[in-house]
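Undergrad: These are the residues of each chain, in order.
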Amino acid sequence: MTSALSLLEIEKSFGPVAVLRGVSLEVKRGEVHALLGQNGAGKSTLMRILLGLERADRGAIVLADGPYAPRGPADARERGVVMVPQERTLCPALDVVENIVLGIEPSASGLLRRKEAHAIASRALGLVAGDGRIPLAAPVRALSVADQQLVEIARALAQGGLGTDAEGVRAKVLVLDEPTASLGKSDADRLFLRVRALADAGLAIVLVTHFLSDVREHADGYTVLRDGKVCGSGDAKTTAPEKIVHAMLGRELDTERGDADVEGAHGYRGAHAADVKEGEPLLELRAVAGKTKPRDASFVLRRGEILGIAGLVGSGRTELLRAILGLDPTSSGKVVLTAPRGIGLLSEDRGGEGLMLGRSVADNIELSARGPFMVRPARVDAEGARWISELSIRASGPAQRTGDLSGGNQQKVQIARLLREDYDVLLVDEPTRGIDVASKAQVLDLLRTLARRGKGVVLVSSQLEELVATCDRIAVLRRGVLSPSRPVSEWTEQKLLLEAAS
Amino acid sequence: MSGITSALDALRSMRRPAWLGPLVALLVVYAVFAIITPEHSFLRAQNLPMMGRQTVVVAICALGMTLVIVTGGIDLSTGSLVALTTVIIAKLLKSGSSPVFAILCGVAVAALVGALIGFFVGRLRMMPFVVTLGAMTALRGAAKGLASEQKIDCEPHGLDRLLDASLASPGIWIALALALATAALLDYTRFGRHVLAVGSNEAAAKLCGINAARVKILVYALSSMLAGIAGLMEFSTLTVGDPTDSFGLELEVIAAVVIGGAPLSGGEGSIVGSVLGALLMTVIRTGAVHMGMPSWVQEIVTGGIIFVAVAIDRARRPSARPS
Amino acid sequence: MSGITSALDALRSMRRPAWLGPLVALLVVYAVFAIITPEHSFLRAQNLPMMGRQTVVVAICALGMTLVIVTGGIDLSTGSLVALTTVIIAKLLKSGSSPVFAILCGVAVAALVGALIGFFVGRLRMMPFVVTLGAMTALRGAAKGLASEQKIDCEPHGLDRLLDASLASPGIWIALALALATAALLDYTRFGRHVLAVGSNEAAAKLCGINAARVKILVYALSSMLAGIAGLMEFSTLTVGDPTDSFGLELEVIAAVVIGGAPLSGGEGSIVGSVLGALLMTVIRTGAVHMGMPSWVQEIVTGGIIFVAVAIDRARRPSARPS
Amino acid sequence: ACPKDAPKPTADGEGGAAPATTARLKIAVIPKGTTHEFWKSVHAGAVKAAKELDVDIVWKGPLKEDDLKAQVDVVSTFVAQGVSGIVLAPLNDTALRAPVKEATAAKIPVVIFDSDLQGDEHVSFVATDNVAAGKLAGDHIAKLLGDKGNVIMLRYQEGSASTANREKGFLDAVHAKPTLKVVSDNQYGGATTESAFAKGEGLLVAQKADTGGVNAIFTPNESTTFGMLLALRKSNLAKKTKFVGFDASEKLVSALKDGDIDGLVVQNPFNMGYLAVKTMTEHLRGKKVERRIDTGARLVTKDNLEEPAVKEVIAPDLKKWLGE
Ligand SMILES: Nc1ncnc2c1ncn2[C@@H]1O[C@H](COP(=O)(O)OP(=O)(O)OP(=O)(O)O)[C@@H](O)[C@H]1O
Ligand SMILES: Nc1ncnc2c1ncn2[C@@H]1O[C@H](COP(=O)(O)OP(=O)(O)OP(=O)(O)O)[C@@H](O)[C@H]1O
Ligand SMILES: [Mg+2]
Ligand SMILES: [Mg+2]
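Protein sequence lines correspond, in order, to chains F, Z, A and L.
My numbering numbers the first residue of the first sequence as 1 and each following residue consecutively.
My numbering numbers the first residue of the second sequence as 1001 and each following residue consecutively.
My numbering numbers the first residue of the third sequence as 2001 and each following residue consecutively.
My numbering numbers the first residue of the fourth sequence as 3001 and each following residue consecutively.
Worth flagging that the hints you see were computed from the coordinates, not collected in a lab.
We treat Cβ as the ideally placed atom computed from N, Cα and C, and that holds for glycine.
Honestly, I wouldn't trust all of these hints.
[What the hints assert, rightly or not] Between beta-carbon pairs, the in silico distance windows are:
{"id": "1", "chain 1": "A", "residue 1": "Leu2185", "chain 2": "F", "residue 2": "Leu111", "range": "37 to 45 Å"}
{"id": "2", "chain 1": "L", "residue 1": "Lys3148", "chain 2": "Z", "residue 2": "Leu1112", "range": "55 to 63 Å"}
{"id": "3", "chain 1": "Z", "residue 1": "Leu1112", "chain 2": "A", "residue 2": "Leu2185", "range": "44 to 52 Å"}
{"id": "4", "chain 1": "F", "residue 1": "Lys115", "chain 2": "A", "residue 2": "Val2024", "range": "53 to 61 Å"}
{"id": "5", "chain 1": "L", "residue 1": "Glu3250", "chain 2": "Z", "residue 2": "Leu1167", "range": "26 to 34 Å"}
{"id": "6", "chain 1": "A", "residue 1": "Ile2036", "chain 2": "F", "residue 2": "Ala69", "range": "20 to 28 Å"}
{"id": "7", "chain 1": "F", "residue 1": "Asp65", "chain 2": "Z", "residue 2": "Ser1265", "range": "38 to 46 Å"}
{"id": "8", "chain 1": "A", "residue 1": "Leu2185", "chain 2": "F", "residue 2": "Ser392", "range": "30 to 38 Å"}
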């Protein structure tokens, strides 16, 4: 096999910060190549350079048909390079068809040809989503995060030239930057089937991911980035996951000892362990129904426990959490909150509603509805700095713009804010989305520690193994109806999946 | 079963045309005035072509403003540009140029100014509000300077007949043709899709290989060219070049566009809606005169109606998921 | 070694104050005028207090406008509200009320109007541009109606001494005190941080339990109250209640805020910057008179300077990561 | 000699009567606006006086037409700058008092022209009697209609004193004839031609001018007159409806010749500008001046258009003085 894509000694810095320090990478035709690394290692930056969204300071890129220096995404598409970026990039006001054919609209002397556009869109979407699930005429802002992600993947496929001609694959390189971070298992499985088919058709595919299981099951080769350098690569199928993790972290991930306890929760001093009454109810839902979802949800959350909520994408988990917090109106039922220190939510949509991307890390961590009337900016920065070190957030300092952090580090900023507020009840929606293995363990450990110290946690996650490993009890949400919760000992991943899908 | 639900879903997800709200508002306000004006003077035959004629300038400006607002921008220089165009045309006519040459020059200068504004907004990524605020002041000054701070009298050479008393006056038909062309541009061409995409999510548009800067330059050039044509119509009405003309016109134009259903956040907009919005404002103004309302009552009513029209329109639309 | 680099890094990551740009611009323009005005008349002692006095109204309005713009909103009703306040104060004084009562009434009405605007923007989630455009027209009408379409003459009862020729005139000090208070409110209180948060990302603010609607109501009420105080200053200058006064003032105020470093997209802004922006506009205007520039040249220069000030400021800031 | 080299007049001039300095006088002339033809004529008159009397004038209006605050600011800027004297057409008779006081306090004399100012700080008032001028128009319309018919008056702008006086004078004259009916007098044309045009056009339809609902129209200044003229022409009502306006411009005079306008009350702006600057100069040079100087107004019709005295008023040689 010939190499379809070679990156040679790519270097890139933002101001004084060197993000990539000579990265070389080679992907062959027909290969699915996994790109791994801790949050902020520079994976997305590398991919953005590949697409011409960012320009490398030094280094070269070579495609099968010659040297390649894209001036922009249009240029990249011309050469057969397309990408699904990490953050959502759809036009919320345009409908699904318009989004998918954006920039490649079929037209005759400037005039649109709607039928053709529709055909392209439905074919591209058919490749990644079940039939008819996503309405083609709906504006994408009405879609759930997961559906938007699917539209985005369909768009990349369409832009690669798949939609126009069944066998004519024009794209040569497809970059997927954490495509499954917001997908459920079935969508993810379908996506990987598709990815394999594309690879077999001769594409070179770069897959950025934090799921080591996906690497093992779906990738051929892998490369690990650490501190802007390549520090490990090989065969994805045969390499032991521990070895990959070691390459990523530069050390072992000691789950027994609890990495998180050392780095994170240990330093976390917020909880008032003293006045905790074990098992005291904090939050009770009585037949809560929202405008559309949830339709019927009841549970009691007590001090010291983690309640997991499983469910398929679109089952209404996010809506349930929003309804509890009062962000969405409820139509019937009752939410009884007895927690003295209140209730906080970790949003699944960190860029959209979770963070002020334009403001500093410290401002985001400090954002709070309560507190004294006067605020000292110096204290805000000091507080920010403290949390940056406690959660080992990779940022240049408390004053850095949050939008300039890598995706995973943004997620940590959200978590820091939640911890700082010291809520009694924490509603966490997909807390490990987009964060690396080490941080993932750290975050889940943190949740357990919090519970141990008397908090109540509601955990929503599409990672079933995460639920099973972390929760005390799990309930399943099916089309808006929440089943009674059962102790975690009665659940396995398979049982959860069956229950959610039935 | 699933066939029915999916059909229902399709129906629900169908977008209600943005111009429905302003159309209803227009009809209601028209009917109210027709009923309550003394002796129903509002229904007199001359009234319709007159209102059409009075709307032409605002409507033509609103076409371009819609495009600008759809890209998420705004253009405060419209009024000054209209005044500048009347001055250029008058000055050229006075110095003996042919009317065609005068028109071409006026419109070309406007388009050039627009391209420059577009360059600053699109290429240099400056805020449209600031760029056009600066342009508003500077162009007004340029118009005054060019006209030596007075109105320029000139023989109109037939240009005054562009907008005359009858329904057949060419100005109204030109405006209509321009509206259709702009609507087609926005809804049926690739360029139109790109305009919408840039306004909806510029980063996404760029990712799909759309040259956002070029789109903006074209949009501002087009919008200013339309303002130039509106300036021609204004000249046809005034028959003089007036550098102080159309002060504050841009706010009326923006109001028309917003009433027409385009949010200032961009990504959406309807040419038909904007034209209806412009008509609505004329109907209110004319109706108030027919009612013999004092000016101040008229201003309160206008303010109230802008407000109510938009409020009702927004209330009816399904609220988007917060994102 | 690492100590030095980390110190350097800290220095680099230090936030450049937003008002640095406008301050430099102000000093440069001042120096230029000081040098080039004939006989350096710009440096005459009376000139400074006079410019201070001329800036008071715009500067006070700019304080509130900064808050509004920081929330991502805009307020077009400022000019009309200032005019309305002059009318209310004059009318009350004429009817024999005490000056204190007249002032309180004028400012209270303004604050109420602001709270109403805030209610529409915050609670009913209508676009600020539209709400305040409607308010601009309606308030202007209300002012004219209240004044029976005339300027209202009245004995100023000492209110005219609020802004007099000396540096000691209380108006300047009141404006300064208000500026300090507003700056402190924005930078050193929880409410100020909530204002910034609502402007940066409203959804995130709500998620953290901040009542965004309440924040907006307060901001618009505060902003309009400041416009009311500006109206008092305007009355002190004019000594009549003038319903046609301050037409277009809002654009000057917005220009001052934008020159002062606040992007209209919200989430950022500096009170000091806005005051400097207001001063810059006065300096340009005064300098132009001293130079004997014709109005049209002055307009071109003003437009150009708005533009250049913002362009330079934007160019210096590090570009954000496109997302 | 170059004026820049001359010593500053106010720097060493202690008393208010510092007449005999060798320094060139610098007089600021502040109109209400700069683009109406009216102010152009005033400007020309002022330039003529300046040339004759060998003084410098600075011509500076508010940036926006009819912006009261801007005019107040312009006056105080000139005070701070230290000119020899200020000649001012106040936009308001009260609001400009404070800056005029300020000027007087700084030993800068002020001559008021066009519209009056309250108080007695100013040296002299040079203007037309506006009420009388409005009455001229009212009487002419009464004569044209034979004292019978429906009359419209389109006002200029809220709060403008000189036009309000003309409107008052007109209404007084019309109300004196019980058989004349004023069908609309509460509409304002606004500051620009285009707003007056739109208002006028609507008014004509609303009052059924085409079927004889309106017999005569009066407008109190240049922009409303021109706007109404356009409205009449576009509605094919010119010549059918009697129309008396105010002020003269090239277009208005040719409309008078065509018969589209039946009469124009004209002031003598050229003379006003001339006299205002002259009065100021004389005061500065230590002469005694009158407190009130009338510049006169007259009714111009097609018949007296060719009289030399009228010609001089309506078509002053702007080019000669303004060099355009
Ligand atoms: N425009 C920018 N300005 C400043 N720093 C930036 C910018 N873009 C990226 N960075 C920095 O570059 C580093 C690498 O970011 P990148 O997004 O490539 O990481 P990543 O490997 O994709 O991480 P994640 O797994 O969290 O997505 C981060 O530390 C980030 O803060
Ligand atoms: N504003 C809206 N308009 C139309 N449909 C909506 C809107 N908000 C949500 N939905 C629909 O509601 C469904 C549930 O949303 P969502 O996918 O967020 O639920 P979820 O169970 O939280 O899933 P996940 O968290 O995995 O994304 C989706 O199918 C989405 O299309
Ligand atoms: Mg990334
Ligand atoms: Mg969800």
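Undergrad: Confirm or reject each hint.
TA: Quick rundown of the hints versus the structure:
1. Between Leu2185/A and Leu111/F the beta carbon distance is about 55 Å. The supplied range of 37 to 45 Å is therefore violated.
2. A hinted range of 55 to 63 Å for the beta carbons of Lys3148/L and Leu1112/Z is consistent with their spacing of about 57 Å.
3. In this structure, Leu1112/Z and Leu2185/A meet the distance hint of 44 to 52 Å, their C-beta atoms being roughly 45 Å apart.
4. Taking the beta carbon of each, Lys115/F and Val2024/A are about 58 Å apart, inside 53 to 61 Å as hinted.
5. Glu3250/L and Leu1167/Z have their C-beta atoms about 32 Å apart, which keeps the hinted 26 to 34 Å range intact.
6. Roughly 49 Å separates the CB atoms of Ile2036/A and Ala69/F, a value that falls outside the hinted 20 to 28 Å.
7. The given range of 38 to 46 Å is respected by Asp65/F and Ser1265/Z, whose C-beta atoms sit roughly 42 Å from each other.
8. The beta-carbon spacing between Leu2185/A and Ser392/F, approximately 35 Å, falls within the hinted interval of 30 to 38 Å.
Hint compliance for this structure: hints 1 and 6 are broken, all remaining hints hold.
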